[in-house]
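J.: Here is what each chain is made of, one letter per residue.
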Amino acid sequence: LVAVDNQAEPADASLRFTAVVMPELEVLLRVARTMVSRPADAEDLVQDTMVRALQSIDTFDGARPRGWLLTIMRNAHINRNRRRRPSLLDDPAVVAEMATPPADAYVEEMFDAAIEVALGRLSERHRAVVELVDIARLSYADAAIVLGVPVGTVMSRLSRARKEIRTLLDTAGYQLPGSQR
Amino acid sequence: MRRFGRRRSPDALTCREAAKVLQAYLDGELDEIGARRVSAHLEVCRKCGLDLEVYTVIKAALGRRSVGDDDLAVRRLRSFADDLAAGRVAAADWPLDSGA
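Quick mapping for you: the protein sequence lines, in order, are chains A and B.
Residues are numbered in my numbering as their position in the first sequence, beginning at 1, plus a constant of 51.
Residues are numbered in my numbering as their position in the second sequence, beginning at 1, plus a constant of 313.
Hint data in this document are derived by calculation from the structure and do not stem from the laboratory.
Take the hints with a grain of salt, since some may be wrong.
To be verified - Straight-line distance between alpha carbons at most 30 angstroms, and here's what the computed DSS-like set of lysine-lysine pairs gives:
no. : chain 1 : residue 1 : chain 2 : residue 2
1   : A       : Lys214    : B       : Lys333
2   : B       : Lys360    : A       : Lys214
3   : B       : Lys372    : A       : Lys214
As the structure is a prediction and not an experimental result, all values here were calculated from the model.
Produce the entire structure from the sequences given, and follow the hints as far as they go.
T.: This is how it looks when you write it as structure tokens:
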């Protein structure tokens, strides 16, 4: 076992930084996009995360790099204090469009559009967990880190959120497997 | 007195129990034993099977929203990471928002 040397050579820190950060860049970007509205802001957030990661790489114990980076990003995001406001989902015209499902409700594009509208109708808390697990493809444990809540909370919020989406789709007339229509 | 009908194994889940973990099952978040118990329940329960199908369709549609990761953005970020690691961008001088 090698003792952690806080005065490690800069080259070592750079190598560790590269090894830890590079494999997680796509995930970080996907998660960042669920946290801020503009793509450019998402990139900025990932850049800030990388800078902070490099600054504290010497104190990182090497366990769960993704969780470590997501914690840094969450804190960076809180500091940046930017909130996501998806403009498309706030557009009443888009919401109104959902009220009339197409004849063939399983046309994938239309269904996906309806899903997007349903997602926009969820509360901020429910939408965030769906975005992290289903869109950014995080595990429950990693989503819990980003949200700063226990894993059980992720599980229950996700379950309620998907049920809500299901109800919204049902109400809008989309025929789902097992629908009573 | 002998009872007719299927006898449940002591391990078998009820619909209510299965419903509680169905989405974790869908997300691959159950341990092996839990997943096996849900699978066994799904083999004999059409209602829960349909529920799983609904959530699978919804999850798949949500997942399609993440298709098309911005390769250019990822490349820019890789290049930034390289610059940071090589010292071409000085982390100490990077304008982080206050409160870092």
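J.: Each of the hints needs a verdict: does it hold here or not?
T.: Evaluation of the provided hints:
{"no.": "1", "hint": "Lys214(A) - Lys333(B)", "result": "holds, 12 angstroms"}
{"no.": "2", "hint": "Lys360(B) - Lys214(A)", "result": "holds, 15 angstroms"}
{"no.": "3", "hint": "Lys372(B) - Lys214(A)", "result": "holds, 11 angstroms"}
Checked against the numbered hints given earlier, the structure satisfies every one of them.
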